[in-house]
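2 protein chains.
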Amino acid sequence: MSDDDVPARRVPTRPTIRDVARLAEVSVGTASKALGDSGKLRPETRARVRAIAKQIGFRPNDLAHSLHRGQSQTIGVISTDSFGRFTMPIMEGLEACLSEQRISVIMCNATDDPEREARHVETLLGKRVDGIVVTARRADQRPPLAVDTLGLPLLYVFSRTEDPGALCLVPDDEAGARLATMHLLRLGRRRLAHITGPEHFEAVRLRRLGFSAALREHGLDPAAAPVLAGVWSEAWGREALDRLLASASAPDAIFCGSDLIARGVIDRLRERGIESPSTVSVVGFDNWGIIAEATRPPLTTIDMNLRQLGYEAGRCLIELIGGASLEGLRRMPCSLIVRESCGAQRVT
Amino acid sequence: MSDDDVPARRVPTRPTIRDVARLAEVSVGTASKALGDSGKLRPETRARVRAIAKQIGFRPNDLAHSLHRGQSQTIGVISTDSFGRFTMPIMEGLEACLSEQRISVIMCNATDDPEREARHVETLLGKRVDGIVVTARRADQRPPLAVDTLGLPLLYVFSRTEDPGALCLVPDDEAGARLATMHLLRLGRRRLAHITGPEHFEAVRLRRLGFSAALREHGLDPAAAPVLAGVWSEAWGREALDRLLASASAPDAIFCGSDLIARGVIDRLRERGIESPSTVSVVGFDNWGIIAEATRPPLTTIDMNLRQLGYEAGRCLIELIGGASLEGLRRMPCSLIVRESCGAQRVT
Chain B
1 MSDDDVPARR
11 VPTRPTIRDV
21 ARLAEVSVGT
31 ASKALGDSGK
41 LRPETRARVR
51 AIAKQIGFRP
61 NDLAHSLHRG
71 QSQTIGVIST
81 DSFGRFTMPI
91 MEGLEACLSE
101 QRISVIMCNA
111 TDDPEREARH
121 VETLLGKRVD
131 GIVVTARRAD
141 QRPPLAVDTL
151 GLPLLYVFSR
161 TEDPGALCLV
171 PDDEAGARLA
181 TMHLLRLGRR
191 RLAHITGPEH
201 FEAVRLRRLG
211 FSAALREHGL
221 DPAAAPVLAG
231 VWSEAWGREA
241 LDRLLASASA
251 PDAIFCGSDL
261 IARGVIDRLR
271 ERGIESPSTV
281 SVVGFDNWGI
291 IAEATRPPLT
301 TIDMNLRQLG
311 YEAGRCLIEL
321 IGGASLEGLR
331 RMPCSLIVRE
341 SCGAQRVT
Chain L
349 MSDDDVPARR
359 VPTRPTIRDV
369 ARLAEVSVGT
379 ASKALGDSGK
389 LRPETRARVR
399 AIAKQIGFRP
409 NDLAHSLHRG
419 QSQTIGVIST
429 DSFGRFTMPI
439 MEGLEACLSE
449 QRISVIMCNA
459 TDDPEREARH
469 VETLLGKRVD
479 GIVVTARRAD
489 QRPPLAVDTL
499 GLPLLYVFSR
509 TEDPGALCLV
519 PDDEAGARLA
529 TMHLLRLGRR
539 RLAHITGPEH
549 FEAVRLRRLG
559 FSAALREHGL
569 DPAAAPVLAG
579 VWSEAWGREA
589 LDRLLASASA
599 PDAIFCGSDL
609 IARGVIDRLR
619 ERGIESPSTV
629 SVVGFDNWGI
639 IAEATRPPLT
649 TIDMNLRQLG
659 YEAGRCLIEL
669 IGGASLEGLR
679 RMPCSLIVRE
689 SCGAQRVT
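Protein chains in written order, with this note's numbering: chain B, 1 to 348; chain L, 349 to 696.
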């Protein structure tokens with residue numbers, strides 16, 4: 001490698017393992033071990049080398065090159081969603097993207113436990129992963145990864161962090177809700193209601209904003225449209241529908257914050273002898289196949305395109321590993337999936 | 349290492365990389381590269397070294413020791429279930445078990461494509477994984493992993509292969525079905541029916557056997573009990589119930605082959621004004637929370653304990669990596685989860 005021929009310079013250049021070793025007064029081999037979490041070293045030596053590496057901005061990519069074995073072609077995923085239903089399609093897209101480049105994915109389940117998460121990150125660093133993807137149960141804010149990853153490429157997907165420099169990919173909940181609401185308005189519905197989940201979810205607040213924005217664009221007063229926030233369940237969908245029907249003006253369309261809520265709404269409409277979609281149109285949010293397809297009638301709903309979100313995360317991570325500088329919050333588009341519960345022709 | 353002091357012997361002992369190198373007439377370094385899929389080598393050299401390694405039963409564990417870096421503390425999972433709902437809890441249990449030993453899990457999605465699967469295995473071998481777990485969409489037979497893994501520890505979970513020497517862990521479908529049926533019989537039900545999925549599934553055939561065995565044990569004639577095989581859906585549950593009720597003797601209990609089928613059955617009972625569980629008891633199979641808990645009344649069902657199955661797979665893999673010899677088909681116990689649809693007191 002050319003590093004062997006070039007003395008350490010003062011001009012701004014990418015620091016090498018030799019720079020770290022020189023400043024820490026250890027051999028290059030010892031510096032490698034200290035940074036790579038391998039081999040036996042005194043803890044104070046390891047700590048000193050790491051502190052210097054951090055100080056001069058040394059990155060593990062350089063380490064990998066120094067070790068004459070290139071990149072590890074492995075990345076880690078830290079999830080707090082315990083392999084849940086949102087994580088799985090994201091993982092599937094991520095793995096599809098990365099396996100095209102023969103990059104392998106190590107899956108770590110942190111289950112909201114910061115100590116467990118820190119241990120996982122240490123393990124991943126020990127394996128010289130080329131990057132880390134963090135994913136969480138919901139698209140709400142989480143603290144940044146509480147471990148010093150020495151500048152390793154890192155991004156958050158279906159998860160946001162307070163660190164404004166972090167790259168975060170999330171579905172565009174507001175635009176998705178706008179899409180659903182516009183669809184109902186274009187079908188001629190005018191007395192819209194929104195039944196949704198707990199207000200402490202950012203997704204709930206954003207979907208409500210999208211609902212209101214679409215009404216306003218059609219010259220309707222959002223303040224006049226009932227919004228019922230509860231929990232993410234079928235039972236809440238049934239209960240909320242009963243409340244709506246007990247009020248003065250019955251809705252002719254209901255935009256639901258999730259497919260489970262929509263299923264509860266549609267079941268109760270049927271039980272009360274109200275025809276859906278002819279009397280009341282219903283649109284859900286999630287496109288969760290097992291629910292959306294089994295609902296009677298099958299559910300028109302919003303798809304967050306989680307597989308594509310995961311694929312995009314893989315693409316971004318490859319760019320980051322290649323040295324690109326990507327940052328900030330990116331909201332990825334949702335799609336409308338038209339089935340029968342809205343009253344439009346099925347177009348799929 | 350002691351290998352340096354001991355000449356190659358004829359007595360049965362664990363072959364080392366030195367044995368492979370000597371027989372292939374290459375250096376130890378070349379043999380390592382050839383077996384580890386790293387470095388640049390002529391394909392015929394690689395092939396010759398691999399053939400000899402296979403012939404003398406050389407295992408990658410030895411390779412890892414030869415490389416003076418011990419085990420990689422990484423294992424691979426090859427799934428054909430695209431991160432589906434059965435794989436998720438298995439993965440969760442597997443990761444929980446292995447992360448206790450600081451062993452990381454690389455997740456590969458083979459999606460039933462043998463070429464893709466072979467590429468994944470090659471990648472895993474290149475990463476010096478300590479073992480491989482294969483999991484599939486259903487507990488039916490699949491061909492053995494179509495790649496020479498040089499004796500790497502390997503097991504199948506929620507999946508079976510024709511190779512009688514392979515270690516396969518699957519849920520005990522027959523015993524699970526027996527448990528469900530015995531429960532209904534103990535509650536005093538006598539006119540039992542079974543509504544289930546497609547007969548080409550081994551799980552369907554085994555669950556039916558368990559259903560029949562329990563009836564026989566209670567002195568009832570299994571041939572007199574209606575069995576309706578269809579598909580894994582709510583719609584089939586509704587349709588099958590309609591057929592049962594149109595026949596001469598209506599059942600007082602229905603054991604369903606899946607929770608989705610059970611949900612369809614219970615929805616239709618309610619729609620037809622038949623009380624469940626007082627008139628007809630229903631038991632499902634899967635304990636799929638989102639379905640079982642939302643059914644009205646909540647579903648009594650069989651849990652395949654998939655998380656424990658994954659944990660047990662991790663435990664077995666650690667034993668295999670440690671040199672243990674485990675083989676054959678192991679059927680792991682299912683549990684009865686009592687909710688309300690059977691008519692028993694809720695005991696959870």
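These are computed hints drawn from the structure, not numbers from a lab. Where hints are given, some of them may not hold.
Unchecked claim - According to the in silico footprint, chain B covers these stretches of chain L (three or more CB under 8 Å from chain B):
(1) 395-404
(2) 524-534
(3) 557-566
Claimed, not checked - Straight-line C-alpha distance at most 20 Å; calculated SDA-like pairs for lysine to any residue:
(4) K381(L) with S72(B)
(5) K402(L) with I669(L)
(6) K33(B) with Q421(L)
(7) K388(L) with K40(B)
(8) K33(B) with R450(L)
(9) K40(B) with I669(L)
All of these numbers come straight from a predicted model, not from anything done at the bench. Yeah, the Cβ is synthetic: ideal placement off N, Cα and C, and Gly gets one too.
Violating hint indices (sorted, rising)
1, 2, 3, 7 and 9
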